[in-house]
Amino acid sequence: MAAYILRRLAATIPVMIVVALFVFFLLHLTPGDPAAVIAGDEASPAEIEGVRKKLGLDRPIWEQFGLYVWNLMHGDLGTSIFSNLPVLTLVKQRLEPSLVLAIATITVAVALAIPMGVIAASRARSAVDRVVMGFSVLGFAVPVFLVGYLLIYVFAIKLRWLPVQGYQPLSGGIGGTLRSIALPAIALGMTYMALIARITRASMLEVLSEDYIRTARAKGVARSSILLRHALKNAAVPIVTVIGIGFALLISGVVITETVFNIPGLGRLTVDAILKRDYPIIQGLIILFAGVKVLVNLLIDISYTFFDPRIRQ
Amino acid sequence: MVSTADALAAATTAQPTPELWAWTKRHKTIVAGLLILFALAAIAIGAPWLAGDPLQFEPTNRLKTPSGTFWFGTDQFGRDVYSRVIHGTRISLVVGLCVAALATATGLAIGVVCGYYKRADAIIMRVMDGMMAIPAILLAIALITLMKASLFIVIVAITVPEIPRVVRLVRSVVLAVRARPFIDAAIASGTRNGRIMVRHILPNTVAPLVVQATYVCASAILTEAGLSFLGAGTPPEIPSWGNVISLGRTFFQIAPWIIFFPGIFLAVTVLAINLVGDGLRDMLDPRIARRM
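Heads up: the protein sequence lines correspond to chains A and B, in order. Under our numbering, read the first sequence as residues 1 to 313, first letter to last. Under our numbering, read the second sequence as residues 1001 to 1292, first letter to last.
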């Protein structure tokens, strides 16, 4: 067990090294003068030189690389060109809304999608199954901003049940936060739910055709117990895997959802950085998001040992 | 594959044959998806005749609701949303097709080499793992921030993060095929490596790759719209669906049509491509396609 976790942990190191290398060399391998592109079309030569100095692009490449790695090792993700604040400080300021949104989305998606998949599989080819499958095909095609604006239009503008946009921080009470995060979490969770429901159904169908399920039925085990205790636990590995794969979609979705709902989180930080061409922020966010994704995948790998003891060896 | 080609050829002739009917009934999702895609392709090609100038400003007609003159309403500059959406079809389809072609071709080349040469495999797969850890939209944003915005750059920036998934798929197929006896037989009879790859391994990757290409295409169209929506995509003077939606953001509460019409076109396009992809996956070898 410990050996398995250690091996998985060790496997994350080369991935993060490649991410760091990739982000560093991206700046140098792209054609053209990065300082000129970042400074913008109307920049004077002096301004371009200023950007070059700030990013350290005037120094030899090995020196830049050494400094970059040294800083990363010390948790320094770089400094914003425009605000001169460390990227880590900016991230900390914007972390809460994104974190709350991500947790709410995963909770809503998993809580709805797994029962949907289980019910669809247990009544395969019934009307319920068709509805769930239809939803999963549709949920995968409808872009997050269309769902977002539709939800705002119906529930905030027409029905006035929930706030149109914005975020209520947790310090103002959890009720306000939940109200402000409800629509974004549903919009963002749609694709995620479609993905999880589809895999849950497929994985359950496969397990339900196994001999031990027939044996359980013959023994007279209750239907709900067969579905949840015998089948779902054995169908869990692909479901948990897809929750991990979907996490990547979630990160991309957070950036768009925060823009739709005007939530001042990491996604807005990304968009502001794009508009100002503040490359160090984008660079820092890539390393941060990639790190989170690698960590989530590690947790998922570890969770396999819970569902399938054979993996522990 | 043969039946698809036959059906496509038959579809162009006027009279439906009994075989086509049987095929259509068996593969309803593919047919439904293809019909929608043909319609969209027709819209894209015929855009200049179907709609007026998408760039024409008419300050007197700002934020008009959908009506007989302006089917999809107008935006804050008095531009016809219908015309912008119709012309946007071109951008989305071009981006989807180009990214699917580029990503599949590059991924195929890298994947075959990875599956065939063990030493290259170890290094290249580490790089692919790293690339896959970076969220696609952020990688594309980083590439676009570093280069001057143009449609070509957007296509390249969306292609790069799609490559690792294709590489993984091709590699897994190549590894499986390599272990089969007919490859040993080819090596034993003195066939050169290049010929083994092209004649014996490549044909086996076609079926799963076609399915993967449809998903890459759908994902690329969504990513382009997402990037343009964020202001990091197709240059704003080109009317892409994402750009139309992005401009509609500010006036959403009083003019929701600016966002809804391009949004619905986008959803229908992606839905149609996914229907074709799902149908093809079930029709071609289902096991290989599901391995990813």
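Treat the hints with care, as some may be off.
Listed next, the in silico SDA-like pairs over lysine to any residue satisfying Cα-Cα at most 25 Å (straight line) [as the list claims (entries may be wrong)]:
| no. | chain 1 | residue 1 | chain 2 | residue 2 |
| --- | --- | --- | --- | --- |
| 1 | B | K1148 | A | Y153 |
| 2 | A | K158 | A | S171 |
| 3 | B | K1148 | A | H28 |
| 4 | B | K1148 | B | R1090 |
| 5 | B | K1028 | A | R123 |
| 6 | B | K1064 | B | W1049 |
| 7 | A | K92 | A | A127 |
| 8 | A | K276 | B | E1058 |
| 9 | B | K1025 | A | A127 |
| 10 | A | K92 | A | G175 |
| 11 | A | K92 | A | T177 |
| 12 | A | K54 | B | W1049 |
| 13 | B | K1118 | A | A10 |
| 14 | A | K233 | A | P264 |
| 15 | B | K1148 | A | R277 |
| 16 | B | K1025 | B | I1183 |
| 17 | A | K53 | B | M1147 |
| 18 | A | K92 | A | L249 |
| 19 | A | K276 | A | V294 |
| 20 | B | K1028 | A | G139 |
| 21 | A | K233 | A | L275 |
| 22 | B | K1064 | A | A127 |
| 23 | A | K92 | A | A182 |
| 24 | B | K1028 | A | V131 |
I should point out that these hints are in silico values taken from the structure, not numbers from a laboratory.
Structure versus earlier hints - violations, ascending order
1, 2, 7, 8, 12, 14, 16, 19, 21, 22
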